Structures are given as C-alpha cells and as structure tokens.
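Q: Here are the chains, one letter per residue:
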Amino acid sequence: MAAMSVLWRGAAFAARLNPFRHGISNGGFLSRTVREADKATVRHGSHGKQMFVIKPSDYYDRRFLRLLKYYILLTGIPVAAFVTYVNVFIGEAELAEIPEGYVPEHWEYYKHPITRWIVRYFYDPPEKDYEKMMALIQIEAEKAEMRLQQLEVRRHMRHRGDGPWFQYETLDKSLIDNSIKSTPDT
Amino acid sequence: MPLDHDKDAYPEPPRRTPVVDKQTNLPNPALIATKLFHYAVDLPVTTFRDIMDQLHDRNKSYYYQQKFRRVPELTECKLGDYLCYYEAEMQWRRDHKVDQEIVKIIQERLRACQQREGNSHEQNCAKELQQFVQVAKAYQSRYGDLGAYASARKCLMKQKHRMLEQQKEATQG
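Top line first, the protein sequences correspond to chains A and B. The numbering of the first sequence is my numbering, which starts it at 1 and goes up by one. The numbering of the second sequence is my numbering, which starts it at 1 and goes up by one.
No lab work stands behind these hints, which were simulated from the structure alone. Keep in mind it's a predicted model, so treat the numbers as computed, not measured. Hints may be right or wrong, so weigh each one.
[What the hints assert, rightly or not] With a straight-line Cα cutoff of 20 Å, these simulated PhoX-like cross-link-like pairs (lysine-lysine) come out:
1) A:143 with B:127
2) A:111 with B:60
3) B:137 with B:127
4) B:127 with A:111
5) B:67 with A:128
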C-alpha cells in the first residue's frame, strides 16, 4: 500500500517533470512551474494514510461467532479426541464367519467399537425386543377375543334370559296391594 | 475393492506392462513422476496404514452376519393368528431388505462394467445388462408400487392380482 502510493506519487511527479506533456510551458524548458499547487509528493514512514472508517458496530456479530465457536468446541474437541483414540487404538471389528457351535452375543453383529459398547450395555438383544413385541401382540389379541366373546355372551343372555346377566330385581309379591282388584267397579 | 471380491463378476483387464526400451540418455519424465508419487504419497500412506493395522491387531474383535431361521410365511398362517402374522411380516421385511441389496449389487456390477469397458461398453456389457434388466423387472413385479407403508399382506395381495391377471390372459389368449 505504501509502495503503491509512493510509486503513484513518483509517477505523477515524473509525468509533471516530462517537458513534452502539455507542450512547453510559458517560461520555456528551464522554468519548471508546478501546475497543481495544492497537491505535493509526500513520503509516509508508516502504512499509508490512516482513514477513519465509519461503519456500524460488528461487536455483537463477532461476539456471537466467538461464543458459538467456544461452545461448539467445548464438547466438540473432547468428543473428537475420544473418537480418534477409539478408531486408532481399538479399531473396527473384522467380518468373519460364525464358528461352528458358537452363538455370538447380540453386540457381536456390529462393526464399530462404540456402537458395540452402546448395544452391549444399553440396548436389549433383538430377540428380547421380538419377544416383547410378541407378548404385546398376544395380550392385544386376547383382549380383542375376549371383547368379541363378551358381546356374544351378552347377546345370548339377553335373548335367553337364563344367565347371570340382565337379571333385574323386581318387587316382592307380598308387597303388592291386591285390595283394589277385589272391587270390580273401580 | 476388498481382497475377497468375486473375480468373475469384476474381471480385471490384462496387465500391459511394456518392455523398457530406452533409446535416449534423457531422463524419463513418466518414471520421475511415478517415483515422486511413490515417495510423496504412496509410501507415507502405506506406512500409516501399517502402523494402524499393527495397533488394531492388538485388540482384535470380529463381527458376524446374523442368520435368521425361516418361519412360516403369511400364506401358511391361520386366520386370526396374530403372532404368526407378526413373524411372517418380520421375515418379509428382512427378505425385502435383502432383495434391495441384491438389486444394488447388480447395479454396481453394471456400473463397474461400463467404467471398465469405456467406449465399448454397449457391446461388451450385454451379460451384465441382461442380468440387471431381469433383476429390475423381477423386483418391480414383486415389490414395485407397494409404497412406503409396504407390508407382507399388501405384497401378497399384489401377487394375487398378478396371478389373476395371468389366469385371465391364459384363458383369453
């Protein structure tokens, strides 16, 4: 930047020195009159002219990005280091044929060591999940069957009236007042 | 490619290492380039891989492919036997996944063939193309437009319709 400005000013100076530019000035070759009196060649000992740039504050944006990077890397770096350690020193499993007479554990069907660890200690074996689902289905099937049976039984008992359901309490015969029936003209 | 891939499905082209017949004293730029590549890229990568393999060999573990027993299919289940339905459904889903992988493998073979043959792939890949067409047609007819909520029952109904169509064509034709 400084070299550029120096060069620019040097080039401008040299151009003004050139006598063939704008022809010969009024006093001939030997009088070099400076035409532009308000501009002068200046050599800066620093990085060029310091400008006071007026722009809106970027403090909040920079703060946001700073905090974002901080909070992401706070857990990101330990996790990345851990995963790198696992991949380098423990390594993935190799695919092999199931040996004769050996029943692999349910975590031995996965490749990555972290997946294997999670499946081993946190997940149920798929056989157990299967059985859990089958148990739920069995319970629901029995419930549905029982509901249908109940409707059937209701229908029968209502129709025939010889079952324990739909028996309504009626009044005792001895409480009925039959004296009204003894006079035929009321 | 893994070391135990099927050599017939992915045939390698014959090696054509030319006999060195040097007639000038000028250095061979291709040789320089290969040596440069070897020392700058190949050697560091190979040594890194060897170190990793050594570290991995200390705690070696294996993983296996799970084999499932065959259970009665949906056609062999009694009406209302929901447990049988569930087992058949799970088996159908596993078979669906296997069939998807089969289609992917056949696609991969066709792709590899096209890449290998280059500009003469239309003539030389006829076998792979025929295999792919057959497999794709079969997949389409069996699992084709079942949709995202496909189930063993819907697949069975599709098969039933297919067989009805065939019967109709057989009696009409």
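Q: Please verify whether residue 143 (chain A) and residue 127 (chain B) have alpha carbons no more than 20 Å apart.
A: 56 Å, violated
Q: Holds or violated: residue 67 (chain B) with residue 128 (chain A), Cα cutoff 20 Å?
A: 16 Å, holds
Q: Do the alpha carbons of residue 137 (chain B) and residue 127 (chain B) lie within 20 Å of each other, as the hint requires?
A: Given that 20 Å is the threshold and the Cα spacing comes to 15 Å, the pair holds.
Q: Is the straight-line distance between the alpha-carbon of residue 127 (chain B) and that of residue 111 (chain A) 20 Å or less?
A: 35 Å, violated
Q: Between residue 111 (chain A) and residue 60 (chain B), does the CA-CA distance stay at or below 20 Å?
A: 12 Å, holds
Of the hints listed earlier, those the structure fails to meet are numbers 1, 4, in rising order.
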